[in-house]
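In case you want the letters, here they are:
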Amino acid sequence: DGGITQSPKYLFRKEGQNVTLSCEQNLNHDAMYWYRQDPGQGLRLIYYSQIVNDFQKGDIAEGYSVSREKKESFPLTVTSAQKNPTAFYLCASPTGRNTIYFGEGSWLTVV
Amino acid sequence: GDSVTQMEGPVTLSEEAFLTINCTYTATGYPSLFWYVQYPGEGLQLLLKATKADDKGSNKGFEATYRKETTSFHLEKGSVQVSDSAVYFCALSMNTGNQFYFGTGTSLTVIP
Numbered sequence: 001d002g003g004i005t006q007s008p009k010y011l012f013r014k015e016g017q018n019v020t021l022s023c024e025q026n027l028n029h030d031a032m033y034w035y036r037q038d039p040g041q042g043l044r045l046i047y048y049s050q051i052v053n054d055f056q057k058g059d060i061a062e063g064y065s066v067s068r069e070k071k072e073s074f075p076l077t078v079t080s081a082q083k084n085p086t087a088f089y090l091c092a093s094p095t096g097r098n099t100i101y102f103g104e105g106s107w108l109t110v111v
Numbered sequence: 001g002d003s004v005t006q007m008e009g010p011v012t013l014s015e016e017a018f019l020t021i022n023c024t025y026t027a028t029g030y031p032s033l034f035w036y037v038q039y040p041g042e043g044l045q046l047l048l049k050a051t052k053a054d055d056k057g058s059n060k061g062f063e064a065t066y067r068k069e070t071t072s073f074h075l076e077k078g079s080v081q082v083s084d085s086a087v088y089f090c091a092l093s094m095n096t097g098n099q100f101y102f103g104t105g106t107s108l109t110v111i112p
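Taken in sequence, the protein lines are chains A and B.
Just so we're aligned, residue 1 is where the first sequence starts under my numbering, counting upward by one.
Just so we're aligned, residue 1 is where the second sequence starts under my numbering, counting upward by one.
There could be a bad hint or two in this list.
Derived DMTMM-like pairs: lysine to aspartate or glutamate, alpha-carbon spacing no greater than 25 Å straight-line [unchecked claim]:
hint, chain 1, residue 1, chain 2, residue 2
1, B, Lys68, B, Glu16
2, B, Lys60, A, Glu24
3, A, Lys71, B, Glu42
4, A, Lys57, A, Glu24
5, A, Lys9, B, Glu42
6, B, Lys68, B, Glu15
7, B, Lys52, B, Glu16
8, B, Lys52, B, Glu69
9, A, Lys14, A, Asp38
10, A, Lys57, B, Asp2
11, A, Lys9, B, Asp84
12, A, Lys14, A, Glu104
It is worth saying that the hints were derived from the structure and are not from the lab.
Keep in mind the model is a prediction, meaning the values are calculated, not measured.
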């Protein structure tokens, strides 16, 4: 089955650490997105990539970094510069035909 | 710019009650409109969509009609079940690209 796989589902970060969230898709889509969701809040766009080797900042890119070296993969690194990283992170990929698919999400908690 | 505004939550209903979640949009062109559902601890899943004015999207007993005259896409269900408890997101996409705009989500809890 085609889809988007995020890992890990749960991740704990110590103060000052960088952590990387994985997002892999086998849908053969060009575009991939990262959203952040805080409890009871909507989605906020962190970074997006419309094509391999290219990506753009979204609304809340500070403290995050991404890479897009392969079409299937769009990992998100939460750096120590992100002062409030505890949230639910969603990876998504639009089809280019007015549909967008989401992964199951990753919970990041600072301990 | 393009945007979506949806009803504030949370909403709590008894089982078999009628549900309406309001959604209005602002767009410079002719968007496609969507409702996504998010169950606890999961990603978003497409519930239904409509791509042009007067279209009705429907799925699992939920319906929404694309009303261009009122720029609305309200979600309705005639008889909710406990299993419908989730967060519902209204969204739009312009047909020219991959940009999606999501509302802030409305949390629904259905009690037996």
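Consistency of the hints with the structure:
Annotation: proposed proximity of B/Lys68 to B/Glu16 is violated, straight-line Cα distance about 30 Å (limit 25 Å). A C-alpha spacing of about 29 Å is found between B/Lys60 and A/Glu24, which places the hinted pair above 25 Å, so the restraint is violated. Restraint check for A/Lys71 and B/Glu42: satisfied, since their Cα atoms lie roughly 24 Å apart, inside the 25 Å limit. Taking the CA atoms of A/Lys57 and A/Glu24, the gap is near 19 Å; set against the 25 Å cutoff, the hint holds.
Our distance criterion of 25 Å between C-alpha atoms is met by A/Lys9 and B/Glu42, whose separation comes to about 10 Å. Of the supplied pair hints, the one linking B/Lys68 and B/Glu15 is violated, its CA atoms being roughly 32 Å apart against a limit of 25 Å. Distance check on the hinted pair: B/Lys52 and B/Glu16 sit about 30 Å apart at the alpha-carbon level, beyond 25 Å; violated. Proposed proximity of B/Lys52 and B/Glu69 is supported: the alpha carbons are some 12 Å apart, at most 25 Å.
For the hint linking A/Lys14 to A/Asp38, the alpha-carbon distance of about 19 Å falls within 25 Å, and the restraint holds. A hinted pair counts as satisfied when its Cα atoms are at most 25 Å apart, and A/Lys57 with B/Asp2 qualifies at roughly 18 Å. Using a Cα cut-off of 25 Å, the hinted pair A/Lys9 and B/Asp84 holds, with the two alpha carbons roughly 23 Å apart. Pair hint A/Lys14 plus A/Glu104 holds up; C-alpha atoms about 23 Å apart against a cutoff of 25 Å.
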